[in-house]
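Protein chains in written order, with this note's numbering: chain A, 1 to 73; chain B, 74 to 442.
It is worth saying that the hints were derived from the structure and are not from the lab.
A portion of the hints provided could be inaccurate.
To be verified - No farther apart than 27 Å at their CA atoms in a straight line, the calculated lysine-lysine pairs in the DSS-like style are these:
{"no.": "1", "chain 1": "B", "residue 1": "K413", "chain 2": "A", "residue 2": "K46"}
{"no.": "2", "chain 1": "B", "residue 1": "K353", "chain 2": "A", "residue 2": "K46"}
{"no.": "3", "chain 1": "B", "residue 1": "K113", "chain 2": "A", "residue 2": "K46"}
{"no.": "4", "chain 1": "A", "residue 1": "K46", "chain 2": "B", "residue 2": "K205"}
{"no.": "5", "chain 1": "B", "residue 1": "K267", "chain 2": "B", "residue 2": "K317"}
{"no.": "6", "chain 1": "B", "residue 1": "K113", "chain 2": "A", "residue 2": "K56"}
{"no.": "7", "chain 1": "A", "residue 1": "K56", "chain 2": "A", "residue 2": "K46"}
{"no.": "8", "chain 1": "B", "residue 1": "K205", "chain 2": "B", "residue 2": "K172"}
{"no.": "9", "chain 1": "B", "residue 1": "K271", "chain 2": "A", "residue 2": "K46"}
{"no.": "10", "chain 1": "A", "residue 1": "K24", "chain 2": "B", "residue 2": "K317"}
{"no.": "11", "chain 1": "A", "residue 1": "K56", "chain 2": "B", "residue 2": "K379"}
{"no.": "12", "chain 1": "B", "residue 1": "K353", "chain 2": "B", "residue 2": "K271"}
{"no.": "13", "chain 1": "B", "residue 1": "K205", "chain 2": "B", "residue 2": "K130"}
{"no.": "14", "chain 1": "B", "residue 1": "K271", "chain 2": "A", "residue 2": "K56"}
{"no.": "15", "chain 1": "B", "residue 1": "K205", "chain 2": "A", "residue 2": "K56"}
{"no.": "16", "chain 1": "B", "residue 1": "K357", "chain 2": "B", "residue 2": "K267"}
{"no.": "17", "chain 1": "B", "residue 1": "K353", "chain 2": "B", "residue 2": "K413"}
{"no.": "18", "chain 1": "B", "residue 1": "K172", "chain 2": "B", "residue 2": "K113"}
{"no.": "19", "chain 1": "B", "residue 1": "K205", "chain 2": "B", "residue 2": "K267"}
{"no.": "20", "chain 1": "A", "residue 1": "K24", "chain 2": "B", "residue 2": "K248"}
{"no.": "21", "chain 1": "B", "residue 1": "K248", "chain 2": "A", "residue 2": "K56"}
{"no.": "22", "chain 1": "B", "residue 1": "K130", "chain 2": "B", "residue 2": "K413"}
{"no.": "23", "chain 1": "B", "residue 1": "K353", "chain 2": "A", "residue 2": "K56"}
{"no.": "24", "chain 1": "A", "residue 1": "K46", "chain 2": "B", "residue 2": "K356"}
{"no.": "25", "chain 1": "B", "residue 1": "K130", "chain 2": "A", "residue 2": "K46"}
{"no.": "26", "chain 1": "A", "residue 1": "K46", "chain 2": "B", "residue 2": "K357"}
{"no.": "27", "chain 1": "B", "residue 1": "K267", "chain 2": "B", "residue 2": "K379"}
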Amino acid sequence: MIKLSLLLSVPLFFMGCSMIEAVKPWEKETLAIDIMQYEGLHPEVKKFEAHVYFSKEASRGGGGIAGGGCGCN
Amino acid sequence: MQLSKITASCIMASALLQAENYVSVEYLQYDESDSRVSVKAPSISASYDIGTDYTIKADFVHDSVSGATPSYLPDSGSGASSRTNSGDYTHGKQEFDEKRNAYSLLLTTRFENRDELYTGVDYSRESDFDSKTLSLEYMHYTDASHNRSLSLGVAYSYNEILLYDYDTGSGATAKETSQSISVQAGVTQVLNAKSSVKIAGFMASDDGYLTNPHSLIVRDYQTDSRLVNEIRPDTRLGYGLDIKYITMLNDDISYQLGYRFYNDDWDISSHTINNDFYYKLNKKFTFGAGLRYYTQTQADFYNGSKDFFTNEVVASSDERLSDFDAFTYKLSVDFRQNDKISYNLGGQFYTQSTGLDATMLTTGIKYRY
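Isolated chain A (complex conformation):
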């Protein structure tokens, strides 16, 4: 499964590189709107979700470092 993930990630990475355009600061209005944020409209709700998944599943990590700890067992 690890090999499959790596095999998939390599072409996706190069596909992604070919899609990159130089965007000027004044063209970033769309990227700045609230529904275009990675943490969603409500980071507090995301944190609650992360707490639930941490409590019910055996995986952890990937949600960011700073302020990302749910401090739960």
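Assemble the complex: chain A is given as a structure, and chain B must be docked to it using the hints.
Using the frame of chain A, we list chain B on its own:
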């Protein structure tokens, strides 16, 4: 004329990108099917800009957890009244009632080139579990247009766990500790004016008491059966990859696709695929919908049967370490009354192939100033 248009656009984009001061109050309710676990969690968050170079964010959440968690217990129908070999065992519900207070503080510092340093402190306290976390993350822009940034973060957690001795049933308690170091490195790349991607590799190393103090197993079922605490390894090393892609599908709909791969030396491997859509109906209403899929393999020391374990050094029947799939279905609505006040309501349904079903409801109000 062209220059003034560009300047105006820059000011608008920069104002949109700038964080805003707010206070947010949320109420979060989590209920498992079959009256298992119920969580009520009111929370308050506040974010405040100190000039243009600092932002401080504080969070407080109070969890009230009650219900019953699945575990092996003495089977009263078989005459068993203790955890010794006086009867049979059944997979029943172990009742509990727990409260947790969690505090978080995050300081964002912006430098002259607009690189950012995040410094976080987290503290969480339950009657049998204390956790303290310190985190640092640095984000560096690699180009003048801020289209690409690199980030590197590290977090250290120190936990104290209060144990109840199920092995003898004497009621004695003892204190154990564990610590965890997490590292994450990533890149965020603007792909075009309507989409960006974020890729991060992460690892986490734990050592100390990693056993679940509430999870019990049956040993020597066929010969001298007894109910004892599970035992997990005292170290764990995990790593993974997290990829997020976000784009505007048209003027009103955004879509975020996330994929996470995780693997660790307990033999647990998982894949998570997350999809989130937001639809801005107008200036007042925003609707959200999402679907999350999760699958994991079981830990190499897990077995759910009561007649499996004999003298294994590490052993667990905690079904969170088992092989299962899970889906989450998400719906939400946001109502923005004016520039300052908005309300949110959300519902999620979580279902695992282990038989666990749960609902999550969230509602809140946010005041911006």
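So which of those numbered hints doesn't the model satisfy? 19, 20, 23 and 27
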